[in-house]
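**Q** Below are the chains, spelled out letter by letter.
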Amino acid sequence: MKQLLYKEFKLAINPLYYLVALLSALILIPNWPYFIALMYFFFIAVPNIFATGKASGDISFSVMMPVRKRDVVGSRILSIIIIELLQLVAAGVFALINSVMYPGGSNLLDPNFAFFGFAFIMYAVFNVIFFPMFYKTAYKVGIPVILAMVVAVVFAAVVETVVILVPAVQVVLEAPQYIGVQLGVLAAGVVIFIIANYVAYKASAKRFERLDL
Amino acid sequence: MDMLKVTNLNKRYEKFHLKDVSFTLDKGYIMGFIGANGAGKTTTLKSILGLVHADSGEISVLGNDFAQNEMALKQQIGFMFGGVDYYAKQRMSAVTDVVRRFYQTWDDAEYQRCLKKFDLDENKKIEELSDGMKVKYALTLALSHKAELFLLDEPTSGLDPVARDELLELFQELIEDGDRSILFSTHITSDLEKCADFITYIENGRIVASETKDDLIAMYRIVKGAKNELERIRPNLISYKKHSFGFTGLIKTDNLPGGMDLVAEAPTLEEIMIYHAKKEADNETAVI
Amino acid sequence: MIDIVISNTSGIPIYQQILDQISAQIIKGEMHPGDSLPAIRTAAKELRISVITVKKAWEELERAGLIYSMVGKGCFVAELSGGDLSEKRNELFGRRMDKDFAYYKELGLSLEEIIKAIEARYR
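Chains as they are written, first to last, in the working numbering: chain A, 119 to 331; chain B, 13 to 300; chain C, 1358 to 1480.
What the hints contain is simulated information worked out from the structure, not anything from laboratory work.
Note that the structure is a prediction, hence the values are computed from the model and not measured.
Virtual Cβ for every residue (Gly too), placed ideally from N, Cα, C.
Do not take every clue at face value.
[Claimed, not checked] Derived pair list, reagent style BS3-like, types lysine-lysine, alpha-carbon separation capped at 30 angstroms: (1) C:Lys1462 <-> B:Lys264; (2) A:Lys120 <-> B:Lys136; (3) B:Lys39 <-> C:Lys1456; (4) C:Lys1412 <-> B:Lys39; (5) B:Lys129 <-> A:Lys128; (6) B:Lys236 <-> C:Lys1430; (7) B:Lys158 <-> C:Lys1462; (8) C:Lys1456 <-> B:Lys236; (9) A:Lys320 <-> A:Lys128; (10) B:Lys31 <-> A:Lys324; (11) A:Lys172 <-> B:Lys101; (12) A:Lys128 <-> B:Lys137; (13) A:Lys120 <-> B:Lys101; (14) B:Lys39 <-> B:Lys206.
[What the hints assert, rightly or not] To list a few chain A residues with every Cβ distance to chain B over 10 angstroms, as calculated: (15) Leu144; (16) Gly223; (17) Lys258.
Could you build the full structure based on these sequences and the hints that come with them?
**A** Written out as structure tokens, the structure reads:
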């Protein structure tokens, strides 16, 4: 597993895609749907990483090594999670700067704890759809990535829409006196993210092990 | 000692069926795995490595069941599948740096020795290598982790005659000390005339023969005769071709009738393959 | 060192070619008792033929009593006196003659025809 993870970062994943994390700087735009800043990860990084993997024979190579097939899946999912977390950490830094730059907040959801809770859920949704679908063939990237992307975008859109249409929700998600609720959303997001990834891994590994490569 | 034992491997696809594939490769020998394209060579090799899930059958490597000892046994297997096109944009040194971590028995000195011997420059990208160099690189990796069983899928395809000859010589060198075995598939039968000790011949998912090369050739005869002889011998022939002066056919040596005015000579591997393939084609036509 | 020249197109099985050539060299005294034969695997590599083929030739040589093998050490030319050698020579000759004669008979050749043909060739 350790070796496979090394392979991911040394051979399989172009370091360029870590830089997608820098697109979190879009959080510095005032009055903007900040979820978009986090979406470049699955707009750009995921399709490219998996398409490159296909071109470079990543999976064929990996399964020849003395490893378990499920670890081939696990290492890939883990490396994607690492990039997601990188993206979120970068976003956290820019969110801090954002809160200093715009003390008045925005009309949409501010990049606060609750926002990051939802961001975790957005990534969880993406992962839980994308990985099991992809590992059904370990070959076709297009449909799984588009479907996962659409659902994740719809989720973010729903959150933003509710924030706009229901002022009470925005108050609870943004006002300092409801910090407990906001931290709760973050905690829930983290828990959902962990569970979703575990489910995604289990389902993906099971499907991948059944595959004839 | 058995290096590799394949027993009753079955795999059914929609349009193709691997049927009861069995053969054994002893330690210290080269086995050529021949058959037409699509006869099941790659599927068999992939099943051996567990990449394709056989419906039934057993694989054992060095006397151990492969399915139960996959991780440990893979440590001792060197492979090459479908050209070495992995991570084409990467330098060999980067690929090696990853591969070495997977093998407990990795030997850096051996790796350096092989690079030198094969004249490989580690700083080259995989895509810059010729087909022959790619095979050598795959062998370098396998030798560096002390592989004992080499599974090579079409290692000679794409090589020019000189590179091919060089590679086959290398194969013989590899087995010289008697500790390693090589199973390599090819559809170029002349590859095998020289170096192979054993031949396993697969046709349409079934093993036609798995014998020492000398025995396999001795099992068959090419017979040539006049047209009027054909009717009598036809039931004994595996298949035959007619021409304006007579016929040429393949026959099992045991079925060779006495007392006929026939020329019977040892076939080449290619002839054995051609006439078996013709039989398959004839059977299909018959069904239609 | 022994000489072995293999023809891939002669139609004679390769092990037979090796067998014939080494037997001849032993019988003619070009190889001496105790001389070692190359290791089977080395010979196979050098001659670019299969290990099995060399093994078969070596086995036949041993069966003919021309060489002996010592486990772990390899094969050596047998200790044969001059009398032994001519006996071996006659034995090999006889065996080959038997085979050839069976074929001549199959072809329906008479003794006279065979003798005539042999004489013509021996000259």
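**Q** Does each hint hold? Answer for all of them.
**A** Quick rundown of the hints versus the structure:
no.	hint	in the structure
1	C:Lys1462 <-> B:Lys264	25 angstroms, holds
2	A:Lys120 <-> B:Lys136	26 angstroms, holds
3	B:Lys39 <-> C:Lys1456	36 angstroms, violated
4	C:Lys1412 <-> B:Lys39	15 angstroms, holds
5	B:Lys129 <-> A:Lys128	27 angstroms, holds
6	B:Lys236 <-> C:Lys1430	47 angstroms, violated
7	B:Lys158 <-> C:Lys1462	57 angstroms, violated
8	C:Lys1456 <-> B:Lys236	23 angstroms, holds
9	A:Lys320 <-> A:Lys128	25 angstroms, holds
10	B:Lys31 <-> A:Lys324	27 angstroms, holds
11	A:Lys172 <-> B:Lys101	13 angstroms, holds
12	A:Lys128 <-> B:Lys137	15 angstroms, holds
13	A:Lys120 <-> B:Lys101	23 angstroms, holds
14	B:Lys39 <-> B:Lys206	19 angstroms, holds
15	Leu144	30 angstroms, holds
16	Gly223	46 angstroms, holds
17	Lys258	18 angstroms, holds
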